[in-house]
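Asker: Chains as they are written, first to last, in this note's numbering: chain C, 146 to 227; chain G, 1211 to 1772.
Note that these hints are calculated values from the structure, not bench results. Note that the Cβ used here is the ideal one computed from N, Cα and C, for glycine as well. It cannot be assumed that every hint is accurate.
[Stated by the list, open to error] Covered stretches of chain G (chain C as the covering partner; in silico rule of three or more C-beta atoms under 8 Å from a C-beta of chain C): (1) 1582-1594; (2) 1655-1666; (3) 1683-1692.
Listed below, chain by chain, are the residues.
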Amino acid sequence: MTQPDNHWLTRPNTIRWLWIGGCSVLAATVLLQWIVPIKGYFGIDGWFGFAALFGFFSCVLMVFGAKVIGKLIKRPDTYYDV
Amino acid sequence: MFEIFPPALALIGGALLTAMISSRQLRAVVVVAAPLICLYLIWQVPDGVVLKGAFLGYPLELVEGGPVRRLFATIFAIMSATGAVFAFNHARRTELVAAQLYAAGAVGVAFAGDLLTMFIFWEIMALFSTVVVWCGGTEAARAAGIRYAIMHLLGGVILKVGIEGLLVSTGSLDIRPLAAHDFSTWMILIGILINAAAPPLSAWLSDAYPSASPTGSVFLSAFTTKTAILALILLFPGESVLVGIGLFMVFYGIFYALLENDIRRILAFSIVNQVGFMVVAVGIGTETAINGASAHAFAHIIYKALLFMSAGVVVMRTGKHLCTDVGGLFRTMPVTMWCGVVGALAISSFPLTSGFTTKTLISQAAVDEGLVMVYFLLAAASAGVFLHAGIKFPWFVFFQKDSGLRPKDAPWNMQIAMLFFAFMCILIGVYPQLLYPLLPYAVDYHPYKPGKVLFYLQLLLFSGLAFFLLLPWMQRTLTISLDADWLWRRGLERLVAFGAKLGKPVVETAQSKVQQGLNLLTSSARLTMGHNGPLGRSWEIGTTALWIVLLLMVYVFAYYLF
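Work out the full structure: start from the sequences and follow the hints.
Answerer: Put into structure tokens, the structure is as follows:
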């Protein structure tokens, strides 16, 4: 069933360009705030790059939090089978 | 017969026909046509109570129209029709019948004018959704279906207790805004929240939905939790406790979905997460917030069903249901992949998708009320949704490693259903003005302000960056996550075992004392009634006669004296 995998999307070169393209888009969304001001509702949310940092660190916190919670509640997937 | 034909009857009729028709082609026509007829009937129902009845002497308002009721019924009917297109060629007949009756229950709840009518349709939903779970056909589905039924029957009993209490205290069964201030109203609220999958009683959802068939979980994703949201909108708008409960649901869904390995269970947890947004909105309770909850429920049913369709096709085609077993499916399943991606973007409220035009209404409601914490927590949760559903689902299923699997793409009918819902996600995202006029209150909201779009783009795209940077931490493992249902699936058993262990010395002492008493009794009986005992041995006739005479004398004396 397995076929040799040479899909263009999986080639290292493509992945490198995807990273470059992705990072460029990320930078553009932040830099665009010079041209398109974000009208914050509560002051802080209108700061330059706030949403980017807020989104990034919220996710870091959530992944870290899930890791900690996982230590307590994760069990083998056969846990209820026995 | 009726001035207004109750829309739910179209689905009930469709279910009966589906059960009777043996031709697969004709059955396909019925399962798709019945919800469309239902949709037509929904739009014939004017505002106000239009059909009354009576049950056990109680007056019933069987059909009551209204904008929010019509909106929910509309999406239930659309969902039922599209789900039928997706399922008719693959689902068992029992599942198609049960799914129609389940949808009929949801439409019935939407138009119920009183609590008793609502309760009857509520229980119809519980009953037939359980059948849909059982149609998964596996031992896991059977067990999960039983747990699901127990939880919903319990929720139904709690709801009924509240309804009876309210009837006794107020004399009215009308559906009207209530406040959770006494036992009865709390019982009603708890009964509804159980169906909304609010923790701690939310595990039924992530337990049962992934156990259903690939087609069954599509139907399951749509009705139960959203009728609960409608019930909250009608009965508890502005109930402040809902804000806290909703926020808890939002983050519960994210954390559990992040830890999950089962493809459809990730989506099940994200239902709890998304319903949490709606519960928060109902708790805020302003016109914008209720519009937000209604619009988000409408959009959510579409993109969540789309995600479950995409996941269902993967499960059906590969026979695998874990992230660790799939990957790289984009090569041979482009339609399923793209539809899954559209659903994932919509759930993440990406600009130009339905989630953006509906979820931001809820955030706007928080802003309008000056709820700073709620606003920022919802923004963080939006980033979290992109993390756990927006990227995690498509990435682990269609990309990541090459699993070597080369399954065929979805069958034609499944592709049609998925493409239609993907189109709807984008349509509502691009033209929200198609949905806004259907909302219960007038909408004065413009989602596409450049600053707002940029804010969400930054928020979401940088969540994406966090996902890929933290990918080593996100790799899935062959694990499950314990939930509150551990208490009755394992905890009770452990408690009994622990109690037995704790009581063992007491029981042993009691046993030995009883044994000693029995031994004493036996030896005494042996002494008196054995072969040589005074009552057991054979006596001579003379001795016996002497004893009889003596006893008679004692009796005569006693009689004479007393």
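Asker: Hint by hint, note whether the structure agrees.
Answerer: We went through each hint and held it up to the structure:
1. Using a Cβ-Cβ cut-off of 8 Å, 7 residues of the stretch 1582-1594 of chain G lie near chain C, which meets the minimum of three, so the contact claim holds.
2. Using a Cβ-Cβ cut-off of 8 Å, 7 residues of the stretch 1655-1666 of chain G lie near chain C, which meets the minimum of three, so the contact claim holds.
3. Counting residues of the stretch 1683-1692 of chain G whose C-beta lies closer than 8 Å to any C-beta of chain C gives 8; at least three are required, and the coverage claim holds.
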